[in-house]
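Engineer: Hints given; two lone chains; assemble the complex.
Residue numbers (the working numbering), protein chains in the order written: chain A, 679 to 1026; chain B, 542 to 836.
Since the hints were made in silico from the structure, they are not lab data.
Note that the coordinates shown come from a computational prediction; the quantities given were computed from them, not determined experimentally.
Backbone N, C-alpha and C define an ideal beta-carbon position, used for all residues, glycine too.
You may find that some hints are simply not true.
As the list claims (entries may be wrong) - Just so you have them, the derived chain A footprint on chain B, three or more residues with Cβ under 8 Å:
hint: 1; segment: 592-606
hint: 2; segment: 610-621
hint: 3; segment: 628-637
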Amino acid sequence: MSWQRMWAMFKARNYEFFRDKAAFGWNFLFPFLIIAGFGIIFGGRDYSGFKVGVFPAAAEKVVAAETNLPQRFIETKHLEFIGFKSLEEGLEKLRHHKIDFLLRLDSPAGEYWLLDSSPKGYIVERLFQAGLIPEGEAQGERVEVQGTQIRYIDWLFPGILAMNMMFSSLWGVGYIIVRYRKNGVLKRLKATPLTAFEYLTAQALSRIFLLMFTLVVVWIGADLLFSFRVAGSYLDLFIVFAFGSLSLTSIGLLLAARGISEEFTSGALNFIAWPMMFLSEVWFSLEGAPQWVRTFSQILPLTHLLKAARKIMNDGASLMEVSSECLVMLGVTLFCLVLGALLFSWNE
Amino acid sequence: MAIPLLEVKNLVKRYGTVNAVNGISFTISRGTCFGLLGPNGAGKTTALEVIEDIIPPTSGEILYNGAPKSPTFREDVGIQFQHTTLLNFMTVGETLLTFQKLYREVESFDYMVEICKLREILGQMNNKISGGQAQRLMLALALVNKPKLIFLDEPSTGLDPQARRYLWEIIRGIKEDGKTIVLTTHSMDEAEYLCDEIAIMDHGRIIAQGSPPQLINRYCEGGTISLPRENVVASLDDLPLPYREENGRIVIMTDKVNTGIEKLLAMKIDLSDMTVHSPDLEDVFLNLTGRKLRD
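Only chain B is shown next, with the shape it has when bound in the complex (with noise of 0.2 Å):
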């Protein structure tokens, strides 16, 4: 069997009396990209910076190539942190080639430029460059040193969906090329789109694992079918299937789709403006804690 690229076992991070991180455990492996998903607050990004080794665990072990990390570590990975500054008073084109200079190995000029579409910014001083490009240089300077493993902390917090887009379609090319990427989201849709496997973090755990169809199929079977309340003219103890009420309408969780329809109908219950959505990785996380990802 291979030797994972990464793995993580039973990690803890302790502030004081609160366990950020607790005891957390997984394996990654190569020319994958795997997701920590979890609402604000779970643990993801203290997670990640341990690993980083951006801050010392307080407990666990982590194994990059299946031996404890080394000191050329640094030199394999490359990172995008959620919130950072670039150096002051340098364009975009000069910050590529400092951090080109701190590493050994590189990753061609060109290519970063080109699958991070910098071209046009690259005179372009820090400090003038928008959101979207800024987040398109740190994914740049993440690749800097041709790492074999990516970590992205939030890559498209704070973007336009039009510039997320844009970024999930970059990140997409890079694991294309056969990068391994860690990235942590609070966003379902990202974490769908980009992750072959994803953890769902919640207050410091992992409450479940596995790829999204995977999970979904797991912890959500079937759908839900969504109606105006004042459809539901009868009692609402008389539906036959489990519902809870959200922004005025009636959502019902079924098995069958087909089938839930089908008793609805029974009960002449008016179908107009009615909705059936398949479950997400947003329905996977509210049946598991009973909270919305961004609650």
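Chain A extracted, bound-state conformation (with noise of 0.2 Å):
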């Protein structure tokens, strides 16, 4: 093994990702947006509230406070009121699952319309009911969480750093190798001393220098708007990251391990990094959901990085209480880098 070869491949393929300046902004700006995205238009809160239309209705934007509907109902946060001219209109919305609920302003009896197969409707319609029922006759005890509250975007921000780490990892080493091995690069490689692990090592490298200097880019720029809170130390939150992005980057290897085809590798790669966004808990909790998906789930590596990382950053956990995460997303990285490198080849 040579040090100075695996340099040489570094340095060439870190120029690459610097000189290339349309991808390499993008890296840097695609996280950027998304968060930027959901702090300023929604606040930096969770955006799945309820949209409640009405009719008949003059505009679209209706003051709730100075319709007929009953002021319990109204008064219910995260409820959105959007006025249409008649029930047609709102009905072709409501199909269309543009609102969730529909409702006669003109009606005594409180008409209202909803999709039997709408779980939001369902809600609403609870609500709406519950607004029926006069004030003091509601059951329970409420107790509000004591302590300092976790915004959406602390929970989501982990989540958009590691899909962008999952992407450039799967993109940037899987698709360019096949790219590489395609138009003849790797052929010219594989005439020099140069070995396969010496190759794929460097790549590895350069792919997590990459992605960790990339995360702390975006991190540095992302905290001056949006002042995150991290319980944790910030030492630990790297290292998880880093071991994120050798695991993500090692699933990258394994798939460009052979085949020429840039569009099948591109198909590949969406198969694989589609389902890990949705059930990786980036976007939203898999708690409720069916078992096998949550049993499937935990063979994905993002889950296992989004959970370390988020124990630390909102929970305050030591990187001891997440070894349990990070053990997996190594047993990953090795699986996938022995694969790969048994089954690389130059030029098949």
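Structural biologist: Next comes the structure, spelled out in structure tokens:
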């Protein structure tokens, strides 16, 4: 094994990353724009509120207090009222899931419409019915959670960073190596004393360096805007993200072990990336999802990266407390790297 | 007797039922330029890539310095492929330096730059250089490790005549420095200009081998006399020499050009616009296969 050869390949890949201005800019801009979007447009809150259509209304913007709707229903948080001129207009939106619930304003009986298949519609129906019960008859005792509340954006931020890492690892390694194989760059390198292990290691190290560099820059930029709260250690968080980038990069290397079809590779990368994005709790929690879905999510390294990062960031966990997640990520890394190195071909 | 630098014995490369290389054998002595000449699809590139260790052979033996190739073979050889893309977003100079780092023993940077005439483009990005400049850079990359043996696969393909001639001079310069070169080409000019010995390949086999003069003497005695068809008023059957019709001209093959011309004069054939052509490797290939190299 030659460190000099690995260093040469490491530098060559970094040149490519830093000099490709479009790709370089996008790597920073993409996560930053998503975070900024959530922060500015939704004020850092979860945007999954309920949309209630009302008709007949003169304009789309409706002041609920000026309607005859039950006061307790109007005061319910996370409800957004949207006005429609007619029933037909409102039903059209309801059928296409653009609103969750539709109410007639001029009906003394409180006539409403909803889609039987819509969970959100069902919930709004219950809220509406509860709003009709006179004050004081509600049951239960309200107890608020004490202490610092975690904003949605604090919960989401590690997910966005990890998602960016995943895309960057899979495409920045997997896709690039396949392209290099197709256009003969790998064949040219095969004609030198460079070994497959040296080449793959250099690619992995370069990608991890670039991922961590991007992570730090995006973190600093986003933190200046939103002041993220990190309950645990920054160093522990950095180490966890490094494990994550290692495991995700190794998946990219495994996918790039063979093949010269960029189209097939792109499809395969999407096939892996999209389920990982939805089943690893980047955007939403899987609490309450079917057991098999939650079990499946446990084999995805992104799940463990996010679990560990959120434990450190939101709950102040130490590296020891997230050691099981780190071990899974290392296991995935080892499996993919060994298999990738065994299957690797320079020109097939 | 000196051990040849490279010895290829009964080399076969099969893809499914197709024999891309079908039992070729040859030896290459130190300091010579050996050419594999043949039309596209003859198996030249496949043969070369098997010898280079890029693809595995189906069967056969390749001896380097009298022994099977060792893991250090790649330290000893320089390769220029027919189709290669260079690393993106790197300058010519950085590319040379990067490749230097891949070898234990390397050629001096200045030597490569001078011999391949790269000085004025050292700071240019790889994707901004012309085809001829890219070929010179590829050639420099093949020299980066002070190779004892250099493989050049169709080095001048796609270049304009001026760039080709420029590249040939560079390759000659490399040869004069004592390097051993193996090149493939479908250009008889290139083969004749650069090669000491040539193996003509067709359908995966070597059909003739020798130095250019040897091949011409062996397979094409005499020369050809070419006349416009309308000059030959007499019946073509009366012509005293073998001939073929080609692009409105009569091409007459003869062992002795002078005697052939005398026979034509005796038949009172108009010799205006007559051309006499000494045989070349194209004729050798034509005589051996009945086809032209570029068919």
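Engineer: Does each hint fit the structure? Answer for all of them.
Structural biologist: Hints, one by one, checked against the model:
Counting residues of the segment 592-606 of chain B whose beta-carbon sits less than 8 Å from any beta-carbon of chain A gives 3, enough to reach three: the coverage restraint holds. Remark: the segment 610-621 of chain B is confirmed as covered by chain A, as 5 of its residues place a Cβ nearer than 8 Å to a Cβ of that chain, reaching the required three. For the segment 628-637 of chain B, the assignment as covered by chain A holds, since 5 residues bring a beta-carbon within under 8 Å of that chain's beta-carbons and 3 suffice.
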